[in-house]
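*Asks:* Please model the complete structure; the sequences and the hints are all you need to start from.
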Amino acid sequence: MRILQLHVDYIEYTPIKEEIVDAEPIVDKEKKRLENIVVILLSVEKGDENLIIEDFLNETKKYLDTIKCNSLLLYPYAHLSANLEKPKKAMQILDRIEKELKINLKDSTYRIYRAPFGWTKQLEFRVKGHPMAENSKTFDNVSKSEPSIGNEKLVSLDGRQDDHDHAGVSQALSAEKTLKSSWFILEPNGLLTRYEDYNFRKTENNLKNLFKYEILKNRTVEEQPPHVKLMRKLGIADYEPASDSGNMRYYPKGRLLKSLLEQFVSRKVSEYGGLEVETPIMYDSHHPSMESYFNRFPARQYNIKSDQKELFLRFAACFGQFLMTKDFQISYKNLPLKLYELTRYSFRREKSGELVGLRRLRAFSMPDCHAFCRDLEQAKSEFEKRFDLSISVLEEIGLDMDQDIEMAIRFTKEFYENNKQFVNSLVSKIGKPVMMEMWSDRFFYFTLKWEFNFLDNQGKASSLSTDQIDIENAERYDISFIDEDGTKKYPIILHNSPSGAIERIIFALLEKSARLIKEGKTPFLPLWLMNTQVRIIPIKNELIPFCEKIRNELKDNLIRCDLDDRDDSLSKKIREAETEWIHYIIIVGEKEVESDRISVRDRIKKENYTIDNNAFIQLIRSQIKGKPYLPINLQENLSKRPRIAS
RNA sequence: GGUCAUGUAGCUCAGCCUGGCAGAGCGAAGGUUUUGUAAACCUUAGGUCGCGGGUUCAAAUCCCGUCAUGACCUCCA
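In this text, residue positions in the first sequence follow the working numbering: the first is 1, and each later residue adds one.
Calculated directly from the structure, the hints in this document are not laboratory data.
Since this is a predicted model, take the numbers as computed values, not measurements.
Among these hints, one or two may not hold up.
Simulated restraints on C-beta separations [what the hints assert, rightly or not]:
(1) K606 <-> E354: 14 to 20 Å
(2) F546 <-> R249: 48 to 54 Å
(3) D9 <-> K99: 25 to 31 Å
(4) E377 <-> P188: 29 to 35 Å
Once the Cα atoms are required to be at most 25 Å apart in a straight line, the calculated SDA-like pairs of lysine to any residue come out as [to be verified]:
(5) K29 <-> R111
(6) K627 <-> D388
(7) K572 <-> E590
(8) K333 <-> D478
Virtual Cβ for every residue (Gly too), placed ideally from N, Cα, C.
*Replies:* Spelled out as structure tokens, the structure:
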């Protein structure tokens, strides 16, 4: 038997649903709140017989006496052990423990509670700060107990790993290493509040969820995330069983969606001044620069052996760009120097259980822009430009900074104290409170980083855009420039992904749509990302030639348009177009042949109207203005298309 | 790796508890129909019920093993 004893100020738990077949039947699914109570999280293990139960009972009584607390909650908690008893038997043992405790402690004022067994439960509690408030113990036939005591809030670096953090170079994966973190809310006016002392407003639910996700590790999930269903239904992407998990297949619609996003982000970075380069996707594991890396960051990369050479697949664009930059001759006059690559792909061998749909992959496309700066002053000014760039990229893609995104900013205490004004100026651009994490020491290669997090339908946070101030890698890679005084210096490197992984953007757009569905609203993807922007449906087959004329006219105006020439009823064709989320449907009958006007069914406005041909073209052009264009990536006649979406 | 769940037609799933002819809808193919704003009608094809073993007169169904997938794993006993 393994247990965690916790003395808490309060505990709240809510049974969500039965997790196993043998879950105990319960009537009351209300949230329970208990205050000033000892909570014992326990796992019943195979071979827990009388002696062990005796030990546990004695220990529990002793503990309650020691800390002078007279209420107790028994909380079945499977995750303490890898050697669990079968559910039925475990429940019997729990029942017995509960009864024995009640009998033993009956004469006093003790109160004994027990949380339901076999249920998925939402759990929240606050542990008291005294030295005896947290103990873990093991009861078995060999070692009687092995208590470990601690009440310091430690944050494991592994636990807070920022997946797809574009510069994944950084994240130490060693679980032993911990560093002290403090959590705050930083408001646009610079006001700083400790997380514990902050009262979240109703509109700040997403921010609250972000904290929950990061600190309380509240990640209760009941089902597959909704975007997985949508990505298949819409024929965008799917799992590929023949590959490694986390390596997806993208159907024509998905490929077009990705191409457009890739082109869009690349163009925005180019306008900002990033120079696009291309670097290899695999590297020699024994190259000196790589080795120093791996020593510090036990990696999760794909390894390949080719002849006698050991190679790994890149997990970020950093190596390629750094190795390239190292060979440049750089003067201070050339700085800031900005290099950009959109990797297709970056690879990370995430643990199999961590992979989810398009949210977390093993192969993903990551825009990655590094700026090499002369000094901190230049870095800060460049940093602000990239901050603005990232905001505009997300907004133009169709995400709402106010509703969809929560910002987190993290830095060392030292950096903050020297650059308060700079930090505050970033936050004030967001115009709402952000999550702030402050580290006592610098463990990472950067002194400051921020991310924009998308909060999905399950309250899970995924980072999209991010930027970092890196003061370590220039030296490691021997990237230098000659300063005004003729001396060799190492630049500061900024690591920015203005959008985050392209696949994750698709994930965010789909989750946003799923939210609309949940709210009873019409889900949609931005018009400029739709493979079919306009669907033409003839009322009769004889009108197909006329429809083709309209289609060609739209096509000449760079509008993606297709024609439903199948032998189906009009209603059915409309229905299918609706289920494909097509924004505009044009119905063509005799009336339309005779006039210059076309009949439009507008899915977003939810209305039908007739409109002049040119006005319609302008209506669409105005909505996709400034966005990249690619021709439709499926047969223009639906009768020629195989069925792809399921 | 652990816990739990799932695996039946191209897709979504029912059947399993309580053993007795392999099912439905969608999709596909052929035909009829030529449609005015969210599913026309008829017909046909389509299966190693993940795989292996066991129990039984009889197994998709019960038991054991195994493989694959999914969710979770300092979130859900």
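*Asks:* Compare the structure with each hint and give your call.
*Replies:* Hints, one by one, checked against the model:
no.	hint	result
1	K606 <-> E354: 14 to 20 Å	violated, 40 Å
2	F546 <-> R249: 48 to 54 Å	violated, 37 Å
3	D9 <-> K99: 25 to 31 Å	holds, 28 Å
4	E377 <-> P188: 29 to 35 Å	violated, 24 Å
5	K29 <-> R111	holds, 21 Å
6	K627 <-> D388	holds, 18 Å
7	K572 <-> E590	holds, 20 Å
8	K333 <-> D478	holds, 19 Å
Consistency with the previously given hints fails for numbers 1, 2 and 4, ordered from lowest to highest.
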